Amino acid sequence: GDSVTQMEGPVTLSEEAFLTINCTYTATGYPSLFWYVQYPGEGLQLLLKATKADDKGSNKGFEATYRKETTSFHLEKGSVQVSDSAVYFCALMDNAGNMLTFGGGTRLMVKP
Amino acid sequence: DTGVSQDPRHKITKRGQNVTFRCDPISEHNRLYWYRQTLGQGPEFLTYFQNEAQLEKSRLLSDRFSAERPKGSFSTLEIQRTEQGDSAMYLCASSLIGYTGELFFGEGSRLTVL
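Keeping their order, the protein sequence lines are chains S and B.
Okay, so the first sequence: first residue is 1 according to my numbering, each after it adds one.
Okay, so the second sequence: first residue is 1001 according to my numbering, each after it adds one.
Chain S with its partners taken away, still in its complex shape (with noise of 0.2 Å):
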């Protein structure tokens, strides 16, 4: 079946240090790939998404680039902030667009 791989985290930065968790997946087909993000006492919420391969999502400073060649999607910002501290999830949706499939998330901690 689908499957998400996550870097086990936390990952903790300085405040304007560069960012970047890896993400593979495990499909048949060509799924859609997202990256959420789950803040303290807050639900998840989708940060940014790429359809096919090549495709680059962005968001508020973040970037992932759909790799099928490496089955990769590796989330990435330039200058993080405390703000940004959080876990985030990568995820997969099937080629039937039935159901997200995550990954197990990766907590970000960004110290000032």
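For the record, the hints were derived by calculation from the structure and aren't laboratory data.
Misleading hints may appear alongside valid ones.
Mimicking DSSO-like on lysine-lysine, the simulated pairs with C-alpha atoms at most 30 Å apart in a straight line are [claimed, not checked]:
1. B:Lys-1057 <-> S:Lys-52
2. S:Lys-52 <-> S:Lys-77
3. B:Lys-1011 <-> B:Lys-1071
4. B:Lys-1057 <-> S:Lys-68
5. B:Lys-1057 <-> B:Lys-1014
6. S:Lys-56 <-> S:Lys-68
Here the structure is a predicted model, which is why all the values come from computation and not from measurement.
The hints should help you fit chain B onto chain S, whose structure is shown.
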């Protein structure tokens, strides 16, 4: 607030009791999902509805679990004869058909089974 709302936010129960969670989706959304999340893990799919029809159920959803969405509006998730392994956060999400993967999540209902 017009987001997804879940009730109750936290439920503590004794093993063997039944519990029911309610989810009110965003009003115009025709798809509604239930997920379960345990500490340190990502959400796991349980089931989803399109309008009032339950279209898919995960193998995780044992016979003790039942979900309904009468009239295609709010949904309930009932767990009968709860077990300690049922302790988790139960998440509800809604979406519009055609907006693939763009789910709007509630804050979840946390279940603790003693």
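Evaluation of the provided hints:
| no. | hint | in the structure |
| --- | --- | --- |
| 1 | B:Lys-1057 <-> S:Lys-52 | holds, 27 Å |
| 2 | S:Lys-52 <-> S:Lys-77 | holds, 21 Å |
| 3 | B:Lys-1011 <-> B:Lys-1071 | holds, 26 Å |
| 4 | B:Lys-1057 <-> S:Lys-68 | holds, 29 Å |
| 5 | B:Lys-1057 <-> B:Lys-1014 | holds, 26 Å |
| 6 | S:Lys-56 <-> S:Lys-68 | holds, 12 Å |
Violated hints: none; the structure is consistent with every hint.
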